[in-house]
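J.: One letter stands for each residue in the lines below.
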Amino acid sequence: NAGVMQNPRHLVRRRGQEARLRCSPMKGHSHVYWYRQLPEEGLKFMVYLQKENIIDESGMPKERFSAEFPKEGPSILRIQQVVRGDSAAYFCASSKLAGKQSSYNEQFFGPGTRLTVL
Amino acid sequence: GQQVMQIPQYQHVQEGEDFTTYCNSSTTLSNIQWYKQRPGGHPVFLIQLVKSGEVKKQKRLTFQFGEAKKNSSLHITATQTTDVGTYFCVSSNTGKLIFGQGTTLQVKP
Chain A
1 NAGVMQNPRH LVRRRGQEAR LRCSPMKGHS HVYWYRQLPE EGLKFMVYLQ
51 KENIIDESGM PKERFSAEFP KEGPSILRIQ QVVRGDSAAY FCASSKLAGK
101 QSSYNEQFFG PGTRLTVL
Chain B
1001 GQQVMQIPQY QHVQEGEDFT TYCNSSTTLS NIQWYKQRPG GHPVFLIQLV
1051 KSGEVKKQKR LTFQFGEAKK NSSLHITATQ TTDVGTYFCV SSNTGKLIFG
1101 QGTTLQVKP
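Residue numbers (the numbering used here), protein chains in the order written: chain A, 1 to 118; chain B, 1001 to 1109.
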């Protein structure tokens, strides 16, 4: 049973270009989460999606960032007009069920995409 | 919003010494999870604690959840070089995970 897949593993972009990060959840998982990790810091939540729906995007910057999880295919995190401050590791996680306050469903993380903006 | 604060940020120990990292929240937590991230790797789930005062053990690792459900700790007995990495305490809130800053453990052989 393959784990969470992310590609590319490393991505280099020049300022102003677009970055597209892809995430395929574990088989049977319909909930996808994106997190960003700056060097020497913890992961910061960005967005939570189910198939074709954005459930919580409270951690997404208001401009240049968007995410989708179509009916078919991987989830995509898209960063337009990248700037140096976007350089970070972007992790995707998936779970089978949504976490609720009184119960928990483990999130499985992918290997991450390390984005470098020159 | 909900936050978890973690100390220390870094810890260097000699192999065989013990290690403890602490996690605190200003609000009552419904649960606390612990993740480990190896250098260059991704977070890997270790354990979840739900009940007040809960203690769980995994071999040399002991996890505690405070009585008030506002703090937690991870203790490693007799560290080994394979314990190297960053340990995160994590709270969950309606799906999303809220990570502490992490404690990075270095083990000197």
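It is possible that some hints are incorrect.
Computed Cβ-Cβ distance ranges for the label pairs, DEER-style [stated by the list, open to error]: (1) Pro1109/B <-> Ile54/A: 45 to 53 Å; (2) Gln1080/B <-> Asn7/A: 38 to 46 Å; (3) Thr1027/B <-> Ser87/A: 41 to 49 Å; (4) Thr1027/B <-> Glu68/A: 45 to 53 Å; (5) Pro8/A <-> Thr1082/B: 26 to 34 Å; (6) Gln1009/B <-> Glu52/A: 38 to 46 Å; (7) Pro1109/B <-> Arg9/A: 24 to 32 Å; (8) Arg84/A <-> Gln1080/B: 24 to 32 Å; (9) Thr1027/B <-> Ile55/A: 20 to 28 Å; (10) Ala1078/B <-> Glu52/A: 43 to 51 Å; (11) Arg9/A <-> Thr1082/B: 19 to 27 Å.
Calculated directly from the structure, the hints in this document are not laboratory data.
Backbone N, C-alpha and C define an ideal beta-carbon position, used for all residues, glycine too.
J.: So, for every hint listed, does it hold in this structure?
T.: Quick rundown of the hints versus the structure:
| no. | hint | result |
| --- | --- | --- |
| 1 | Pro1109/B <-> Ile54/A: 45 to 53 Å | 47 Å, holds |
| 2 | Gln1080/B <-> Asn7/A: 38 to 46 Å | 33 Å, violated |
| 3 | Thr1027/B <-> Ser87/A: 41 to 49 Å | 32 Å, violated |
| 4 | Thr1027/B <-> Glu68/A: 45 to 53 Å | 32 Å, violated |
| 5 | Pro8/A <-> Thr1082/B: 26 to 34 Å | 29 Å, holds |
| 6 | Gln1009/B <-> Glu52/A: 38 to 46 Å | 40 Å, holds |
| 7 | Pro1109/B <-> Arg9/A: 24 to 32 Å | 30 Å, holds |
| 8 | Arg84/A <-> Gln1080/B: 24 to 32 Å | 39 Å, violated |
| 9 | Thr1027/B <-> Ile55/A: 20 to 28 Å | 22 Å, holds |
| 10 | Ala1078/B <-> Glu52/A: 43 to 51 Å | 50 Å, holds |
| 11 | Arg9/A <-> Thr1082/B: 19 to 27 Å | 24 Å, holds |
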